[in-house]
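Novice: Top line first, the protein sequences correspond to chains H and U. Counting in my numbering, the first sequence runs from 1 upward without gaps. Counting in my numbering, the second sequence runs from 1 upward without gaps.
Hints are computed from structural coordinates only; laboratory data are not their basis. Hints may be right or wrong, so weigh each one.
[What the hints assert, rightly or not] Partial list, computed: chain U residues near chain H (C-beta under 7 angstroms):
#1 N18
#2 S21
#3 S55
#4 N129
#5 K136
#6 Y150
#7 Y171
[Claimed, not checked] Here chain H is said to cover these stretches of chain U; the calculated rule only asks that three of the stretch's residues, wherever they fall, bring their Cβ under 8 angstroms from a Cβ of chain H:
#8 68-79
#9 108-118
For every residue, glycine included, the Cβ atom is placed at its ideal position computed from N, Cα and C.
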Amino acid sequence: MLKKRIIPTLLYNNNILVKGKNFKSDRSVGSVIESIKIYNHREVDELVFFDLVASRSQSQPDYGLILELSKECFVPFAVGGGINKLETIEKLLKNGADKVVINSEGVINPKFLQSSSKEFGSQCIVLSLDYSKKKNYGLIVNSGTKKTNKNIFDFLNSIKDINYGELIVCSVDKDGCLNGYDFETLKKLRKLINVPLICSGGCSGYKDMLTAFNECKVDAVAAGSIFHFSHMTPRQAKIYLKSKGINVRI
Amino acid sequence: MSEFENKKICLLDFKTGNTGSVSNLLEKLNIKYCVSNKNHEIESSSHLILPGVGSFEKAINNLKNEIDIDLIEKQVFDHKKPILGICVGMQIMAENGNEFGNHKGLGWIEGKVDIIDSKRLSLPHVGWNTVEIKKKNKVFNNFDKNYDFYFANRYCMYLKNKIDILATSNYGSDFPSIINKNNIYGFQFHPEKSQRAGKMLLKNFFDLN
Chain H
1 MLKKRIIPTL LYNNNILVKG KNFKSDRSVG SVIESIKIYN HREVDELVFF DLVASRSQSQ
61 PDYGLILELS KECFVPFAVG GGINKLETIE KLLKNGADKV VINSEGVINP KFLQSSSKEF
121 GSQCIVLSLD YSKKKNYGLI VNSGTKKTNK NIFDFLNSIK DINYGELIVC SVDKDGCLNG
181 YDFETLKKLR KLINVPLICS GGCSGYKDML TAFNECKVDA VAAGSIFHFS HMTPRQAKIY
241 LKSKGINVRI
Chain U
1 MSEFENKKIC LLDFKTGNTG SVSNLLEKLN IKYCVSNKNH EIESSSHLIL PGVGSFEKAI
61 NNLKNEIDID LIEKQVFDHK KPILGICVGM QIMAENGNEF GNHKGLGWIE GKVDIIDSKR
121 LSLPHVGWNT VEIKKKNKVF NNFDKNYDFY FANRYCMYLK NKIDILATSN YGSDFPSIIN
181 KNNIYGFQFH PEKSQRAGKM LLKNFFDLN
């Protein structure tokens, strides 16, 4: 049986790992290579690495860094930030990424998702959508710096015929606030899409993960702050979830 | 000195695979390997790996463009070198595939590649799933239970001959997750991303003669 996944997210900003709050005020949380070594050692299910600089400036990712990190990562490694060309995806996969996370370009030009899936297979194309419930569910791109006039529900309806592998959604209003995922929106999104759904933004602890799995039927939960700023770990999360009947890999 | 001194894996480079991830693991296992599409490298290797991410069509077309298929078939069928296809690298060994239209595969394994019958479970099938061993084989040396492996696939291989199935996994319905015919092996999951269990399996593949 397919297991439910717990995915730590690593945000990278100029040589350091950071964790923001509402996508602002990045706080340093240490060295990226050390974090990856630790997560790998602890046998996490998967890691998401997001390069904020590349995303905000839509510049090329640091391929040398990705290669270095991937050498320490023997779990699935998804890489995002600044991906807007097929060539970029090819280079990332060559440098040890297993999947790519596409945010801004996927929103602005959904055809890019289709061509990426056709070229590399939809299973390695992860669409990432950041939205603000306060702003009428509007999608925000370039790592929270640029508003769009698209609403997350209308947008997902409009790309129903486009292939991609997974959807990771993040509530900008909740991000880093440690007060729970946006469960209400997740339930609506679950009904709308039939690709694996990963929730992100706002996780305050293991109970939020349980709610997301049980009530919102997500396939995976992503979290940053709780793993960086507290004693909570992915393994403890899984022990808790297993005791509550969630099928996780321990 | 490595225990595999006369052996070498050629990780076939046909611009579709995630050669980076697979080579990272081979390095960690201290296995001698090269990443290449050159005939002399292929001929001088004892084992071959067809890595895979990508669509069926892209993978088979790139393979034909980048690699001398006749030479590979000579290695596999005349010299009986163990060859391992990973994910789409396994799928293209089938007779044909139905991803983005119908395409002819290598035809080494009798069967076709089609979408997983997931019974409305979300697709693609992504994450850790159990690989249930159905048949004894040397690649399962030291396996004391059915382990979880990492999958990322929307399509799977449906085989004509059930005897070619070594292990299955379930996602709505059962599908083959490890196949084997003589010296040809295929893993539908990614051993390079499956931590200890993946290492064990790759090491066992390299131990095959």
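Novice: Determine for every hint whether it applies to the structure shown.
Specialist: So, going through the hints one by one against the coordinates:
A cut of 7 angstroms between beta carbons decides the hint on N18/U: the least distance to chain H is about 5 angstroms, and the hint holds. Taking 7 angstroms as the C-beta cut-off, the interface hint given for S21/U holds, the closest approach to chain H being about 6 angstroms. A cut of 7 angstroms between beta carbons decides the hint on S55/U: the least distance to chain H is about 5 angstroms, and the hint holds. For N129/U, the shortest C-beta to C-beta distance to chain H is roughly 5 angstroms, which falls under 7 angstroms, so the interface hint holds.
Annotation: interface hint on K136/U violated; nearest CB of chain H at approximately 24 angstroms, more than 7 angstroms. Against a cut-off of 7 angstroms between C-beta atoms, the interface hint on Y150/U holds, since the closest Cβ of chain H lies about 6 angstroms away. Annotation: Y171/U was flagged as interfacial toward chain H, and the flag holds, the nearest CB pair being 6 angstroms apart, inside 7 angstroms. Coverage of the segment 68-79 of chain U by chain H is violated. Counting CB-CB distances below 8 angstroms, 0 residues qualify, and the rule asks for three or more.
Coverage of the segment 108-118 of chain U by chain H is violated. Counting CB-CB distances below 8 angstroms, 0 residues qualify, and the rule asks for three or more.
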